[in-house]
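Undergrad: As a plain string of letters, each chain reads:
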Amino acid sequence: MADDYDDERHDERQPILRARGVTRTYHDGSQDICVLDSVDLDISAGEKLAITGESGSGKSTFLHLAAGMDLPDAGTIELLGEHVNRLDEPERTRFRARHIGLVFQDYNLIESLSAGENIELVGWLTGKPARIDDIRRLAGELGIAELLDRRPDQLSGGQQQRVAIARALIHEPSLVLADEPTGSLDQASAEQVMQVLSESVDARGCALVLVTHSETAAARCDRRVRLRAGKLEAA
Amino acid sequence: MLARLSRAFFHRHPAQVLLALTGIAAGVAVVTGVALLRGALVESLDAVSAELVGDQALVVRHPSGRVDVSEYARLARQPGAPDFVPVLRAPVRIDGQRLEVVGVDPFSGIRTLTGTGGAGLSTALFDESGGIPSAVVSASTLALLGGGLDSVLTLDESGRQVRVTAVIRGRPGLDRRLLMDISRAQTMLGERGWVSELLAPPQSESWLRSNLGEELLLVTASSQRASAQQLTAGMRANLTAMSLLALATGLFVVYSVLSFLMVQRRRTFGLLRALGMTHGRLARLLVGEVVVIAAFGALGGLVAGTVLSDQLLRLIAAPVAEVYGQLPPAATNPTPWLYAGIWLAALAAAVAVTVPVMREALRIPPGRLVRSFAVHVLPARKVLVLAVLLVTAGAAWVALDGRLVAALGGLFLVLAGVIVTIPMIGFGLVRGLARRTATTLPGRALRLLETARGRLSPALAALSLALALAIGMGMMILGFRGAVGDWVTRLLQADMYVSLESRSLEREQVGQLAAMEGVEAFSSVRRTRLADGTTLTAYDLPARAWSGFELLDGESRDARQRFGAGDAVLVSEPLARRKSLAVGDIVELPTPDGPARLPIAAVFRDYSSEQGFVAVTADLYRRWFDDHAVDSVGLYLADGVTPPELGRRIDRLELGGAAQWITPAGIQRESLAVFDRTFRVSWALAMLVGLIALVALTSALLAQGLERSREHATLRALGLSPARLFGLVTVQSAGLTAVALATALPLAVLIHYALSLLIQPRAFGWSLPAGLPPAEPVLWVVPVALALGTLTGLYPAWRIGRRPMIEHLRAGR
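For the protein sequence lines, the chains are F and X, in the order given.
Heads up: the first sequence runs through residues 1 to 235, numbered per my numbering.
Heads up: the second sequence runs through residues 236 to 1048, numbered per my numbering.
Simulated from the structure, these hints should not be mistaken for lab results.
Hints are supplied without guarantee of correctness; some may be wrong.
[As the list claims (entries may be wrong)] Quick list of simulated restraints, FRET-style, between CB atoms:
1) X/ARG247 - F/THR76: 45 to 55 Å
2) F/THR216 - X/ARG1034: 55 to 65 Å
3) F/SER55 - X/ARG1038: 21 to 31 Å
4) F/ALA234 - X/ALA518: 37 to 47 Å
5) F/ASP202 - X/PHE245: 31 to 41 Å
6) X/PRO249 - F/THR216: 41 to 51 Å
[Claimed, not checked] Far from chain X, some chain F residues (derived; all Cβ distances over 12 Å):
7) PRO15
8) ILE33
9) CYS34
10) ASP70
11) GLU78
12) GLN105
13) GLU111
14) ASN118
15) THR126
16) GLY127
17) ARG151
18) SER156
19) THR216
20) ARG228
[As the list claims (entries may be wrong)] One-sided excerpt, in silico: chain X residues whose CB lies under 10 Å from chain F:
21) ARG398
22) ASN446
23) GLU450
24) VAL586
Note that the Cβ used here is the ideal one computed from N, Cα and C, for glycine as well.
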């Protein structure tokens, strides 16, 4: 069912992501820790949203719920009109592969694959292989065209993160979820990566949810929200 | 504190600890099992005399295997004669088990023995309630036969019965024996007036040497022991080689399992180093853990090995009796020293084999939360140099030293040389396969294995070795089986063969058979052991039987002429190899008239005995030994007469014992059945080695699964479903098995030829006709290995699939 979803069916005026009353509690022994407490959040198509907050405030948890990698204890998450938390695990996985691009703090490239193969990987997972020309064009856009044959351990942190961004964008997702994408980079690399990410997202008109501690990174977004003790507040 | 760290880890990961213990236990179990089995084979030497008279007992025998009672009486009446213990022995079968009837004098023969409860055995031997003769057996024999005190045992061939009237404990030398009153045994076996041997105390040696006369042979305990040990030397050497291969595979498991345990704690080690733990203390922690795991695992292995040895002994007992005429004990006899030796060796081997793993752990930079161990992979050039060195050293050892130990040692070195190249070749194949199937799940799965090469290499090598061993040994066994089948078919030229149960055929009985209507010609064979230990076989052969000999050396027409005239002997291949004899050499045979010296006319193929024998004509033998009895007679039938028809007539003849007849096809069937029983133990060991290798593969996959946990979590996050991740890991396991099979095949052919052309001739003295290896083992092993290899991946795949994705997305988890 999730695979049948057609992006064009989605009403542009509707939020691309709609979270309502999202609550997530972890159990640590006999103690319950409420990481997200009735969070409501809408993100429009093409919008760039920065989520900031202290460590442990629930930023990454929200991202995982939005990606369908985890399920809320209460509330709903609607992505492109689909109730993600009502899908079963294989459906959520397929939905994520098709519509979401993920960027991680530690790049998470597959060490045994070259940069080009890492980008190509998503096409294999979605069952819609990317054309080599598209990969080259995107790599050129991100400044890594010459690095496609290199393995991750032959790349700098900034280069690896660009490869990861290319992997997140190659299948033209509707939403990119980036979890501290500059957290492991020096300032200069971080700025370059943010610029590339921001421009690429703009160029494709997809929405971006950026979880970050960095004010500079957050400043590149259209809107900022802050999570404090599981509650969402305007930044 | 160190102990607390280890304990906490082990408590949290019981399954991994169990896997480590299993791996070590499995390797130790096979080594222990084979060591105990070897001991049992050595003990299978003729232990009856030691049990009845003492360790240094002397044995008096006649070359024919039977001593006339009148001869015994003559000796016993002479002044100064020792206290002889006359013994009658005859092989029997009960419930398919090979046993031996040992008839002794109830008073003089069992002085040193007592039954359960300390009761004397004389009464038990005289007991004949219900008209059934009594027998005394050891407790292990009774357990083997599944009976109890007072149970009635039925002899398979004749249907005669004996009643168990007493049980002896702690006498392994009497295992598989039915101790009976000698006169009742003589009656039951139709051997009145004959005994098999006379036992005498060691102090009577000089008296015996001066009074025995020329017809009787004196066998000392040491020569008897040496000859029995020599009998099974080849088999024991092969078993040892198998157990060492099992140990080598077991050590791969130890490496894989311990590296798996190490991988799980890389973060902890990094932190401990950051907090100030020195290299020395970390090394102590690791060595301590390995020693503790190895100690408990090895203890489990000792227990399992003891159980295994008894199972192996059951497998091997029948062929040892059939092929070597020896009866091994019903149970193995472990000693504390053997256990202690194996246990300590296992600890040392476990520590030695984990040195590379420990070095990895010690290289972790303090405080750095490393994502994975960079397992060192030797560069291709170094691998090739090492391989060439090992192969050259092995080949040189084999070429320069003609002993069996050199052949086995050389083969080990060559195998080691090939094995070190297997990861390189194997991962080359993985790359090739991955390239060809790049866009499919298998292609991706294999591609992802590339970075786990260091971790998976030992498991790949172990699996390849185990598969090569199973296939190569299978090829050798089947090739050998075919050769034995052909040899038997060629050898047996008569239409049927007749013998008597448990005794020889006398001249008159041979005459009766030869004179039967429908019998055109006959042959006979008489095999005897000479004073110097040489086996002599006397043939009475019609002209048409000559083609049964496949001459390996010597000219057929000339050899036949000189052999037939009694001017020369023939020598079987094993004896020729053992004593480096060739055509034209002179053989000296001890006879009652003094040494007979005859040239060798030919060397012929023979698989009936590892020790080999000298063949002479029956005329010559009778002239030397005045022994007219024969072991069996071959009958050549006239056209239109069938073996069953003549067999019925033979059954009606009065031959003085139960006549048994068999056709060549029947002999071939029985020979191949014995052959199959002989190699069951080899199959069993090969299977165990294979199972150990699969444990290695499981632990290696789990280790690489742990190392790759972030990769797997990333793939899941990017859209790989749990089912496809499961498929991915399973395909990796199946792919590794397929690659192991591909690398195992050439190695299997190498093992086949090494076993057939090198080990067999040196261990047993016989050669196998050269030819292409049989393909059947490949057809059997490939599907089984692929199925097991795939199944082996299921558990790691399940474990990896169940891991929480989010937790593992972060570095260092």
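Undergrad: Against which earlier hints does the structure fall short, listed by number upward?
TA: Those not satisfied are hints 1, 2, 4, 5, 10, 12, 13, 14, 15, 16, 17, 21, 22, 23 and 24.
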